[in-house]
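*Asks:* One-letter residues, chain by chain:
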Amino acid sequence: MSQTFIDLESHPVVASIDELLPYMDEGWADRFRRTRFVLPAPQPHPGSDQPLNGTAVPTDPVDAAQAIPDDVRAALLIPAQVLPAAGWCDHALSAVFASAVNQLLVERWLPADARFRLAIGVAPHDPDLAAAEIRRLGSHPGVAAVCTSVISQNLGQRHYEPIFAAAHELGLPVVFHPGGSEGLALGAATLGGVGPRTSEERHALLPQVAAVNILSLIFDGVFSRLPELRVVFAGFGYDWAVGLLWHADMEWRALRIDVPWVTKEPSEYAADHIRLVVDDRGAGPIEHVQNMVANIPETMLVYGSDRPFSHQPAASVLEAVPERIRDRVAHGNAEALLAGRI
Amino acid sequence: MPERGKPERTRVGTLADFAPDTFRIVQVDGNSIGVVRTRDRFFAVLNYCPHMGAELCRGTVSDTTLPTNIPFDYRLGYERSVVRCPWHRWEWDMTTGEAIGKTTSMRVATYHVEVDGDDVYVGQRRKNSAAVREAVAS
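Quick mapping for you: the protein sequence lines, in order, are chains A and B.
Residue numbers for the first sequence follow my numbering, so the first one is 1 and each next one is one higher.
Residue numbers for the second sequence follow my numbering, so the first one is 343 and each next one is one higher.
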């Protein structure tokens with residue numbers, strides 16, 4: 001049987017704010033209309049300036065579904081247009097906006113294709129509002145995850161606990177995806193140094209956001225508090241993980257005294273709780289990437305297409321993965337992650 | 343049983359020779375061994391860290407934090423029975439030779455210590471860490 005795929009990073013695109021207004025209270029709809037709210041552009045990794053190569057982005061769910069190859073058995077919808085909300089000052093507006101996008105996706109996208117599953121989009125700066133949204137939709141049969149972006153607090157800090165607790169309670173993994181403001185704005189997740197000046201630097205350094213936060217989740221004991229929680233990093237690349245985890249294990253052996261609640265190797269927590277989306281961001285010649293990937297715990301890697309912003313066929317993306325774990329990455333790990341929801 | 347031809351124990355000093363929590367390095371059967379007297383016990387460990395070969399007994403003797411499932415819950419235990427390697431700070435339980443918190447399956451060699459009157463002796467190398475733990479617990 002030929003390879004099949006579960007796509008953990010498929011981006012639904014909303015064409016205009018007018019589509020969203022019916023999914024919010026009248027007063028809020030009026031405010032969005034009156035203030036000429038600008039819908040975040042459907043860009044790859046929002047905030048970046050990568051062109052879409054002239055390709056039209058489908059905004060109709062039926063068209064979007066038709067663009068998904070038959071060998072994709074399930075596609076997790078990550079509403080990328082919600083994620084820039086992590087950089088907005090108006091927390092209440094962010095929550096209303098995210099909720100409207102989610103409701104539109106539930107009502108219009110999920111029925112359009114049996115393969116669609118929703119990652120509930122939430123804005124991270126008001127974790128109680130985010131948790132309420134997760135609980136509002138978390139039991140819907142088409143919902144399979146939560147997605148949001150990182151802000152300046154690391155993920156192990158108490159700030160995110162309501163979000164993680166709600167997701168944990170409902171058995172939903174939490175997907176973190178770049179929101180566009182990382183390294184660019186005060187209050188955003190920071191990159192190394194004083195922040196990159198150019199998009200080139202920012203793109204090259206973006207894995208730092210995932211790296212910092214993977215270690216924060218482990219060393220701050222989030223998985224001790226929430227032992228069934230799974231966290232996915234999508235759009236941050238993956239090939240860098242081997243060095244990170246090796247160093248984390250070594251440091252833990254030396255400094256376990258500071259984190260006595262970390263009772264096994266950090267890489268073992270990562271293997272149990274962290275997933276990295278394998279997309280087209282693997283760097284360098286295939287044989288080099290394969291060597292790096294071969295030493296990442298094999299449960300950690302899951303396939304994501306980054307559709308509609310990437311057009312690289314899944315089989316070609318997975319060439320970066322050693323053959324012995326290709327089935328796992330193509331679908332096996334995602335099946336375990338989304339157990340019962342796909 | 344001691345190996346044939348080897349003494350069962352080797353005298354390494356008197357009680358007065360052992361300042362609290364301070365290793366005294368002795369040579370026994372060609373091995374460099376650190377002997378230390380803590381508040382109420384003696385320990386003897388091979389002066390060789392199994393990680394990278396540092397002189398382990400140049401490290402410190404201390405308590406350490408107890409493994410826990412509760413984040414930010416710092417509770418001290420292993421009362422004065424931990425030696426911390428001076429090179430990479432790996433912690434070893436001088437009672438069993440195991441790494442604290444099972445950070446590695448490597449073990450440091452430990453030895454029996456006997457006090458006979460004022461005299462301190464290093465005995466045979468300890469073998470079974472589980473048995474040692476039970477003996478210490480009892």
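Since the hints were made in silico from the structure, they are not lab data.
All residues carry an ideal CB built from backbone N, CA and C; glycine is no exception.
Wrong hints could be hidden among the right ones.
Derived DSS-like pairs (lysine-lysine); straight-line CA-CA distance at most 27 Å [unchecked claim]:
1) K469(B) / K264(A)
2) K444(B) / K469(B)
3) K444(B) / K264(A)
Residues from chain A that keep clear of chain B, each with C-beta distances beyond 12 Å, as calculated [to be verified]:
4) R33
5) E251
6) R253
7) A254
8) I257
9) D258
10) P260
11) T263
12) E265
Rough simulated footprint, nothing fancy, chain A against chain B, three-plus residues with beta-carbon under 8 Å [what the hints assert, rightly or not]:
13) 401 to 410
14) 457 to 468
*Asks:* Decide, hint by hint, whether the structure agrees.
*Replies:* Going down the list of hints, with the structure as the test:
1. Proximity of K469(B) to K264(A) is assessed by CA-CA distance (about 25 Å); at most 27 Å being required, the pair is judged to hold.
2. A C-alpha spacing of about 18 Å is found between K444(B) and K469(B), which places the hinted pair at or below 27 Å, so the restraint holds.
3. Among the hinted pairs, K444(B) with K264(A) is consistent with the structure: their alpha-carbon atoms are about 8 Å apart, no more than 27 Å.
4. With a minimum CB-CB distance of about 46 Å to chain B, R33(A) clears the 12 Å threshold, and the non-interface call stands.
5. Here E251(A) does not stay apart from chain B, with its beta-carbon only about 10 Å from theirs, under the 12 Å limit.
6. Listed as outside the interface, R253(A) is inconsistent with that label: its C-beta sits roughly 4 Å from the nearest C-beta of chain B, within the 12 Å cut-off.
7. With a cut of 12 Å on Cβ distances, A254(A) falls inside the contact zone with chain B, its closest approach being about 4 Å.
8. The non-interface label for I257(A) is inconsistent with chain B: the shortest C-beta to C-beta separation is roughly 5 Å, within 12 Å.
9. In this structure D258(A) is not separated from chain B by more than 12 Å, as the shortest Cβ-Cβ distance comes to only about 8 Å.
10. Look at P260(A): its CB is around 4 Å from the nearest CB on chain B, not clear of 12 Å, so calling it non-interface is violated.
11. Non-interface call for T263(A) relative to chain B: violated, since the shortest CB-CB distance, roughly 5 Å, does not exceed 12 Å.
12. In this structure E265(A) is not separated from chain B by more than 12 Å, as the shortest Cβ-Cβ distance comes to only about 8 Å.
13. A stretch counts as covered by a chain when three or more of its residues have a beta carbon under 8 Å from one of that chain; for the stretch 401 to 410 of chain B and chain A the count is 5, and the coverage holds.
14. Residues of the stretch 457 to 468 of chain B lying with their CB closer than 8 Å to a CB of chain A number 0, which falls below the three-residue condition for coverage.
In terms of the numbered hints stated before, the structure departs from hints 5, 6, 7, 8, 9, 10, 11, 12 and 14, listed from lowest to highest.
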